[in-house]
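First to last, the sequence lines map onto chains Y and U. So for the first sequence, numbering that gives the first Met the number 0 puts the first residue at 0; every next one is plus one. So for the second sequence, numbering that gives the first Met the number 0 puts the first residue at 0; every next one is plus one.
One thing to keep in mind: the hints can contain errors.
Said to hold, decoys possible - Restraint ranges, calculated between C-beta atoms of paired labels, are given here:
hint	chain 1	residue 1	chain 2	residue 2	range
1	Y	F184	U	A385	21 to 29 Å
2	Y	E134	U	Q201	26 to 34 Å
3	Y	V32	U	K42	47 to 55 Å
4	Y	R71	U	A96	42 to 50 Å
5	U	K42	Y	Y221	20 to 28 Å
As the list claims (entries may be wrong) - Partial list, computed: chain Y residues near chain U (C-beta under 10 Å):
hint	residue
6	H5
7	V35
8	A38
9	K57
10	K59
11	A96
12	R157
13	Q161
14	V164
15	A166
Said to hold, decoys possible - Straight-line C-alpha distance at most 30 Å; calculated DSSO-like pairs for lysine-lysine:
hint	chain 1	residue 1	chain 2	residue 2
16	U	K313	Y	K112
17	U	K207	Y	K112
18	Y	K57	U	K256
19	U	K112	U	K207
20	U	K119	U	K63
21	U	K119	Y	K112
22	U	K215	Y	K110
23	Y	K57	Y	K12
24	Y	K220	U	K458
25	Y	K59	U	K207
26	U	K119	U	K83
27	U	K141	U	K118
28	U	K256	U	K296
29	Y	K110	U	K63
30	Y	K12	U	K458
31	U	K119	U	K141
32	U	K215	U	K63
33	U	K256	U	K215
34	U	K378	Y	K59
35	U	K97	U	K355
36	U	K119	U	K234
37	Y	K222	U	K458
38	U	K234	U	K215
39	U	K207	U	K313
40	U	K378	Y	K57
In case anyone wonders, no lab produced these hints; they're calculated from the structure. Quantities reported herein were computed from a predicted structural model and do not represent experimental measurements. No residue lacks a Cβ here, since even glycine has one placed at the ideal position from N, Cα and C.
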Amino acid sequence: MFRGIHFIPPDTKIDFVGLRAITWIVSALLTVVPLVLVATVGLNMGIDFQGGTLIEIKTKESPANLADIRSRINALGLGEVQIQEFGAPDAVLIRIASQPTEQEQQASIAKVKGALGDEVEYRRVEIVGPTISGELIASGTIAVVVALLGILIYVWFRFEWQFAVAAIASLIHDVTGTIGLYSLFQLEFNVSSIAAILTIIGYSLNDKVVIFDRIRENLRKYKRMPLVQLLDVSINETLARAVLTHVTTFLAMLPFLFFGGETIFGFALAMCWGIVIGAYSSIFVASPLQLILGVKRDAFSAAPATSAKQKGPAAARA
Amino acid sequence: MLHFQRWKIILVLGIVIAGILFSLPNLFPAATMARMPSWLPHKQVNLGLDLQGGAHLLYQLDQKEMVQDWLNNIRGDVRETLRKDRIGYSDLAQDLAKRSVSVTIREPADMDKAYAALKKLAVPVGGDVFAGFSGYDLDVAKAGDTAITLTVTDPGMAHRMTSAIQASIETIRRRVDAFGTTEPSIQREGANRVLVQVPGIQDVERLKTLIGETGKLEFKMVDPAVDAAQAAATKQVPVGDELVYGTEVPPVPYVLKDQVLVSGQNLVDAQPGFDSRTGEPVVTFRFDAAGAKRFGKVTQENVGLPFAIVLDNKVVSAPVIREPILGGTGQISGNFTVQRANDLAVLLRSGALPAKLTVIEERTVGASLGADSIASGKKAAIMGLALVMIFMLAGYGLFGMFANIALIFNIALIFAVLSLLGATLTLPGIAGIVLTIGIAVDANVLINERIREEIRSGKSPYAAVDAGYSRALITIIDSNVTTLIAVLVLFWLGSGPVRGFAVTLTIGILASMFTAVTVTRLMVSYWLRWTRPQLIPI
Chain Y
0 MFRGIHFIPP DTKIDFVGLR AITWIVSALL TVVPLVLVAT VGLNMGIDFQ GGTLIEIKTK
60 ESPANLADIR SRINALGLGE VQIQEFGAPD AVLIRIASQP TEQEQQASIA KVKGALGDEV
120 EYRRVEIVGP TISGELIASG TIAVVVALLG ILIYVWFRFE WQFAVAAIAS LIHDVTGTIG
180 LYSLFQLEFN VSSIAAILTI IGYSLNDKVV IFDRIRENLR KYKRMPLVQL LDVSINETLA
240 RAVLTHVTTF LAMLPFLFFG GETIFGFALA MCWGIVIGAY SSIFVASPLQ LILGVKRDAF
300 SAAPATSAKQ KGPAAARA
Chain U
0 MLHFQRWKII LVLGIVIAGI LFSLPNLFPA ATMARMPSWL PHKQVNLGLD LQGGAHLLYQ
60 LDQKEMVQDW LNNIRGDVRE TLRKDRIGYS DLAQDLAKRS VSVTIREPAD MDKAYAALKK
120 LAVPVGGDVF AGFSGYDLDV AKAGDTAITL TVTDPGMAHR MTSAIQASIE TIRRRVDAFG
180 TTEPSIQREG ANRVLVQVPG IQDVERLKTL IGETGKLEFK MVDPAVDAAQ AAATKQVPVG
240 DELVYGTEVP PVPYVLKDQV LVSGQNLVDA QPGFDSRTGE PVVTFRFDAA GAKRFGKVTQ
300 ENVGLPFAIV LDNKVVSAPV IREPILGGTG QISGNFTVQR ANDLAVLLRS GALPAKLTVI
360 EERTVGASLG ADSIASGKKA AIMGLALVMI FMLAGYGLFG MFANIALIFN IALIFAVLSL
420 LGATLTLPGI AGIVLTIGIA VDANVLINER IREEIRSGKS PYAAVDAGYS RALITIIDSN
480 VTTLIAVLVL FWLGSGPVRG FAVTLTIGIL ASMFTAVTVT RLMVSYWLRW TRPQLIPI
């Protein structure tokens, strides 16, 4: 009977930790370059966080006459206006900067509708006033911090502090890497971007937990093995599941990137990228960090009561 | 772990069958479901505004205006109270920032009497039934030897805000209902906000106009002794008069006596109609008994003089009273379009808002974009599902097949729970389902990889499968918990579409622990029992 393809052969032995001279640099770049990008190029802040008006229209003629639309809207004197094609030749996205008051904000939309007339179909109108955008920035930031703290506490509770610190460090690596993607491609950064980041935080931790489990188990099993070698053994033993779980999720999300439509494109791209960077950081950031943080073997042999008290070593986990 | 007790098998099968049954209505159009026998489940998933089109409007009550109105009233009350008790006073003033009114009593000897009288203006505000009395709405205090200040307290403010919001919700509901759309949702958000969600609405601008108008109707006399144009130029009117502009462009000024003859509170009905002589669209109205009596008296005394119909401090029209209007009915004309007459009637029937409402967030999606989003979401989800299934089949053969069957059950369960909870499916929600598809089979990857490992270590098929399931379980729980932590935070953060994502992902992950672990385990255990394999095909 067909046994299924072993995508990752069971006897795989890659010297992951041995590559750390290179991967540290890569990881550092993945963390620092996004910060530099955000500081220099900046993020394409959506109206959620900046306030403003966003209008998606569909024109009768295809392709839409962007120049004409631009001149009509600019004539209204509403401040900074962005006009771009949106996914299809007859679809246009108009973004208008935040107006000084909520009333003017409301008036701006009426003006635009007056300028464009009835020939266009209004597919989407979003107006976010200054009150809401301020609140969304605050709650978005709080959400990411709270999620990271929650996970820190959870991992600390389940493992030792070294693992918790390594987990958070690699999650921060994933978050900055994802924010870098937004900056690099100038994708609109909005509430759904925060949703993507939070989901990546939660999901990316999954296989870190799998590898941590194996490291802990092997620390008990091979008392004399050098830590570098032990980490490599642990990563290789769990490589198939760490990689394959990401592959399934990546495959599920991939069609959304191409067929999900323009409104959700940024979210889908961030998710796909987050899945990849999460897989990378599990192997190349979270695990080698144990070398620096110095996991204490005694913690497991002398006092197994710390956190692995539920089962004996024989009941090692997946 | 592979042995199932009979009741467990029945329970598992029961949940799966129920999941399929309750998710089935979603496969058919609503019209088809309406023809089905009534004992079948009918509930379908609600589509979010981003999928069916509609308007999401977040309103904020103008707190400043509310306080201003209140302080005006307090000032009036103070004046009346002191006059009634014949207490001399001066410097009656209000301070918006401090939310207070202060008054100076002329004779220090009157201080105690004035204080006692003004103290009575404070009304106790009952918190709730259990907390009972939570203080007065006003704090009346002596300031020095001659002054008294009345300050609005926090409980008083909160109480006022709550009743204003509740009154606003009622008023908005009556106005939105006039559009006849299905299931609008109007609810309080936070302390001073109202969220209005109207699915399927076409004319959002009209909706906003109708909700945004305060709708305060007043009948006042025009002061015939003053030249309005001159008053407008000098901005000066006699005491007891006020300058009000009309709705025309450019606005025409009117000088009105500031006493309100009759207000919108006395209206019992308002209907759009046509003037019997000119055929022009008008709004006809009817007063209640008290209103009719007062209006009759005023019109009787002022035949031949103009009066003004004032809506939200703008003169709609200023007709001359030709004859006493004693029946309590009348009509308002003002060069209305048919639609404006309709809307005005709705506005008057629904009553006035307690304060001005401002839109602070608006998200409107057209029906065509919603339909496009459904189509693209569906397409992407089906393709994602297909890719995952092919991958699982290729990677794990028969065991991949088990995982795939469980995956179908998982999706059915998500839709069943969404339908039963009356939860809302949004485009990000569809992405959440897709993500669930990926995460659900992760559990099977973990289990199957563990089984492979157990086989390599020389275990018998039965023991390997058993160990694979039991040892993978904690890891599966662990990894799902971390995802759930993040998603729950998201649920707290998000509104609308994003919250829809958190909802489907949460339901999906919880359901996947059941389908990907328990349901596949049941299938594998039966398969083992029936075929008694020497080798596990994995």
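Going through the hints against the structure:
1. Take F184/Y and A385/U: their Cβ atoms lie about 28 Å apart, and the range 21 to 29 Å holds.
2. Here the CB-CB span from E134/Y to Q201/U is close to 30 Å, well matched to the stated 26 to 34 Å.
3. Between V32/Y and K42/U the beta carbon distance is about 50 Å. The supplied range of 47 to 55 Å therefore holds.
4. A hinted range of 42 to 50 Å holds for the C-beta pair R71/Y and A96/U, which are about 43 Å apart.
5. Judged by the Cβ atoms, the range 20 to 28 Å given for K42/U and Y221/Y is violated: they are separated by roughly 56 Å.
6. Satisfaction of the interface hint for H5/Y is found here, the shortest Cβ-Cβ separation to chain U being roughly 8 Å, below the 10 Å cut-off.
7. Because the closest C-beta pair between V35/Y and chain U is about 27 Å apart, greater than 10 Å, the hint is violated.
8. Interface hint status for A38/Y: violated, as the beta-carbon distance to the closest one in chain U is roughly 25 Å, over 10 Å.
9. The beta carbon of K57/Y is positioned within 10 Å of a beta carbon in chain U (closest approach about 8 Å), and the interface hint is therefore held.
10. Hint on K59/Y is violated. Least Cβ distance to chain U is approximately 13 Å, over the 10 Å limit.
11. Below 10 Å, beta-carbon pairs count as interface contacts, and A96/Y has none with chain U, the closest being about 16 Å; its hint is therefore violated.
12. With 10 Å as the threshold, the beta carbon of R157/Y comes within range of chain U, its nearest partner Cβ sitting at about 7 Å, so the hint holds.
13. Evaluation of the Q161/Y hint against chain U yields a violated restraint, the C-beta minimum of about 17 Å exceeding 10 Å.
14. Checking V164/Y against chain U: minimum C-beta separation of about 16 Å lies over 10 Å; hint violated.
15. Of the supplied interface hints, the one on A166/Y holds, with its beta-carbon coming within about 9 Å of a beta-carbon of chain U, less than 10 Å.
16. For the given pair, K313/U sits about 26 Å from K112/Y by alpha-carbon distance, which is consistent with the 30 Å threshold.
17. Restraint check for K207/U and K112/Y: the C-alpha separation of about 14 Å stays at or below 30 Å, so the hint holds.
18. Pair hint K57/Y plus K256/U does not hold up; C-alpha atoms about 52 Å apart against a cutoff of 30 Å.
19. A C-alpha spacing of about 50 Å is found between K112/U and K207/U, which places the hinted pair above 30 Å, so the restraint is violated.
20. Annotation: proposed proximity of K119/U to K63/U holds, straight-line Cα distance about 25 Å (limit 30 Å).
21. About 54 Å separates the Cα atoms of K119/U and K112/Y, which puts this hinted pair outside 30 Å; it is violated.
22. For the proposed pair K215/U and K110/Y, the alpha carbon gap of about 27 Å is at most 30 Å, so the pair holds.
23. With a C-alpha separation of about 55 Å, the suggested pairing of K57/Y with K12/Y is violated against the 30 Å cut-off.
24. With a C-alpha separation of about 19 Å, the suggested pair K220/Y and K458/U falls inside the 30 Å cut-off, and the hint holds.
25. At roughly 26 Å between alpha-carbon atoms, K59/Y and K207/U fall within 30 Å of each other, so this suggested pair holds.
26. For the given pair, K119/U sits about 13 Å from K83/U by alpha-carbon distance, which is consistent with the 30 Å threshold.
27. For the given pair, K141/U sits about 10 Å from K118/U by alpha-carbon distance, which is consistent with the 30 Å threshold.
28. The straight-line distance between the Cα atoms of K256/U and K296/U is roughly 17 Å, inside the 30 Å bound, and the hint therefore holds.
29. For the hint pairing K110/Y with K63/U, the CA-to-CA distance comes to about 28 Å; that is within 30 Å, so the pair holds.
30. Simply put, K12/Y and K458/U have alpha-carbon atoms about 23 Å apart, close enough for the 30 Å limit, and the pair holds.
31. Taking the CA atoms of K119/U and K141/U, the gap is about 14 Å. The hint holds against a cut of 30 Å.
32. Restraint check for K215/U and K63/U: satisfied, since their Cα atoms lie roughly 18 Å apart, inside the 30 Å limit.
33. For the given pair, K256/U sits about 17 Å from K215/U by alpha-carbon distance, which is consistent with the 30 Å threshold.
34. With a C-alpha separation of about 26 Å, the suggested pair K378/U and K59/Y falls inside the 30 Å cut-off, and the hint holds.
35. At roughly 21 Å between alpha-carbon atoms, K97/U and K355/U fall within 30 Å of each other, so this suggested pair holds.
36. Taken as a hint, the K119/U and K234/U pair is broken in the structure, with Cα atoms around 38 Å apart against an allowance of 30 Å.
37. Only pairs whose Cα atoms come within 30 Å are accepted, and K222/Y paired with K458/U is accepted, the gap being roughly 25 Å.
38. With a CA separation close to 24 Å, the supplied pair K234/U and K215/U stays within the 30 Å bound.
39. For the hint pairing K207/U with K313/U, the CA-to-CA distance comes to about 19 Å; that is within 30 Å, so the pair holds.
40. Taking the CA atoms of K378/U and K57/Y, the gap is about 22 Å. The hint holds against a cut of 30 Å.
Hints 5, 7, 8, 10, 11, 13, 14, 18, 19, 21, 23, 36 from the earlier list are contradicted by this structure; the remaining hints agree with it.
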